[in-house]
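A.B. asks: Sequence:
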Amino acid sequence: MTTSTPAATAPQTPEEAYAYYRSRRHEMALLPQGSLALVNTQWFYGAPGETESIWGVNGLWSALPEDEKGIQLTASAAENITVDGVVVDGTVVVTGKDAETASTIVFDETKSGTVIKGEDGKYALRVWDTNSDDLQNFGSIDAFDYNPDWVITGTFAPIEGGRAVEVSHLKDQGAGRDKVIPGDIRFSIDGVEYAPSAFKEGRALMIVFSDATSGPVTYSVGRFLMVAPNPDGTITLDFNRAYLPPCAFSYNFNCPMPPAENRFPFAVEAGEKNVLNKAGDLLH
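Position 133 of the sequence shown, counting from 1, maps to 133 under UniProt numbering, and the rest follow consecutively.
Be aware that a few hints might be false.
Unchecked claim - Using C-beta positions, here's what the derived DEER-type ranges look like: (1) N277 / G46: 34 to 44 Å; (2) T234 / V87: 52 to 62 Å; (3) E16 / T101: 36 to 46 Å; (4) V106 / G191: 48 to 58 Å; (5) T234 / A47: 49 to 59 Å; (6) E100 / L31: 20 to 30 Å; (7) V87 / D149: 51 to 61 Å; (8) A279 / A204: 46 to 56 Å; (9) S188 / P65: 47 to 57 Å; (10) T74 / I189: 52 to 62 Å; (11) T234 / G85: 23 to 33 Å; (12) T13 / G56: 16 to 26 Å.
Unchecked claim - As a list, the in silico PhoX-like pairs of lysine-lysine whose alpha-carbon atoms are at most 25 Å apart: (13) K97 / K200; (14) K69 / K200; (15) K69 / K97; (16) K117 / K97; (17) K122 / K69; (18) K200 / K117; (19) K200 / K122.
Quick caveat, the hints were computed from the structure, so don't treat them as lab data. Backbone N, C-alpha and C fix where the C-beta goes; we use that ideal spot for every residue, glycine too.
Sequences are here, hints too, so could you generate the full structure?
C.D. replies: Printed below as a string of structure tokens:
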């Protein structure tokens with residue numbers, strides 16, 4: 001007689017869906033290239049071919065000419081760096097996700113690398129370590145219990161051609177970057193209307209916000225919320241899904257800061273709070 005294992009039951013209630021979401025967030029934090037594993041992000045602003053060493057890994061690295069994608073690596077076979085499964089012995093081009101195929105970089109048993117492209121067209125090497133201090137010290141992601149009152153319906157009005165909004169980043173020393181806002185979002189809390197800016201993030205929109213809990217209760221820099229317009233012109237803001245930015249997990253990320261219109265005066269007592277260590281204290 002053959003027995004089969006029943007398929008996992010999909011969450012049926014909002015509370016069950018939230019619990020599943022929380023468990024997935026915990027699992028994603030522990031991935032070999034999850035936020036906790038990032039130990040270095042090195043940008044290349046030098047002239048093409050001007051080599052430099054990178055903290056924590058072997059090889060000499062340099063930028064490529066502007067019309068070429070990726071960065072250049074020079075290493076000997078003794079340094080045992082593999083790119084796309086081949087040990088580098090000489091000079092190779094290492095590509096990022098903007099290329100047709102992104103390179104796979106392995107430095108040793110615990111460290112790997114990826115290449116990213118910035119909004120200014122420059123490239124960076126990211127180094128990930130499954131033995132990072134943050135991964136070793138990680139305990140949990142603290143979060144509020146599910147609260148249906150924080151599932152809010154607003155309106156979305158597309159903007160022809162979009163509108164540019166200046167957004168600062170944590171490590172940019174006040175310098176702003178223009179982000180395109182594809183539409184106007186409006187929602188009300190206690191009779192007061194708010195109009196946060198949300199910029200494109202893949203196929204959805206991302207609201208970078210802070211609120212009255214930011215600092216005393218939740219991560220001081222702010223939190224992220226992904227939203228998507230509904231066909232009828234409404235938009236659902238489920239603040240239970242508000243999540244911590246990558247910089248809450250590792251200092252090696254440079255996260256966007258909430259623009260003025262996204263700094264809410266009310267307390268959003270929903271979503272993620274902080275990253276905790278094994279002792280239950282703040283990881284950072």
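A.B. asks: None of the hints should be skipped; say for each whether it holds.
C.D. replies: We went through each hint and held it up to the structure:
For the pair N277 and G46, the beta carbons lie near 37 Å from each other, so the given range of 34 to 44 Å is met. Between T234 and V87, the C-beta spacing of about 55 Å keeps the proposed range 52 to 62 Å intact. In this structure, E16 and T101 meet the distance hint of 36 to 46 Å, their C-beta atoms being roughly 39 Å apart. Checked against the given bound of 48 to 58 Å, the beta carbons of V106 and G191, roughly 56 Å apart, stay inside it.
With their beta carbons about 51 Å apart, T234 and A47 fall inside the hinted range of 49 to 59 Å. Separated by about 24 Å at the C-beta atoms, E100 and L31 satisfy the suggested range of 20 to 30 Å. Range check, V87 to D149: about 57 Å between beta-carbon atoms, so the 51 to 61 Å window is met. Checking the proposed 46 to 56 Å range against A279 and A204 shows it is violated: the Cβ atoms sit about 35 Å from each other.
Judged by the Cβ atoms, the range 47 to 57 Å given for S188 and P65 holds: they are separated by roughly 52 Å. For T74 paired with I189, a C-beta distance near 56 Å keeps the hint of 52 to 62 Å intact. A beta carbon spacing of about 48 Å between T234 and G85 contradicts the range 23 to 33 Å that was offered as a hint. Between T13 and G56 the beta carbons are some 45 Å apart, a value that contradicts the proposed interval 16 to 26 Å.
The suggested pairing of K97 with K200 holds, with an alpha-carbon distance near 17 Å, which does not exceed 25 Å. A C-alpha spacing of about 23 Å is found between K69 and K200, which places the hinted pair at or below 25 Å, so the restraint holds. For the suggested pair K69 and K97, the alpha carbons sit about 10 Å apart, so the restraint of at most 25 Å is met. This hinted pair checks out: K117 and K97 have alpha carbons roughly 8 Å apart, not beyond 25 Å.
As the CA atoms of K122 and K69 are separated by approximately 10 Å, the hinted pair is consistent with the 25 Å bound. Distance hint between K200 and K117 is fulfilled; the C-alpha atoms sit about 17 Å from each other, no more than 25 Å. Taken as a hint, the K200 and K122 pair is honoured in the structure, with Cα atoms around 20 Å apart against an allowance of 25 Å.
Checked against the numbered hints given earlier, the structure breaks hints 8, 11 and 12 and satisfies all the rest.
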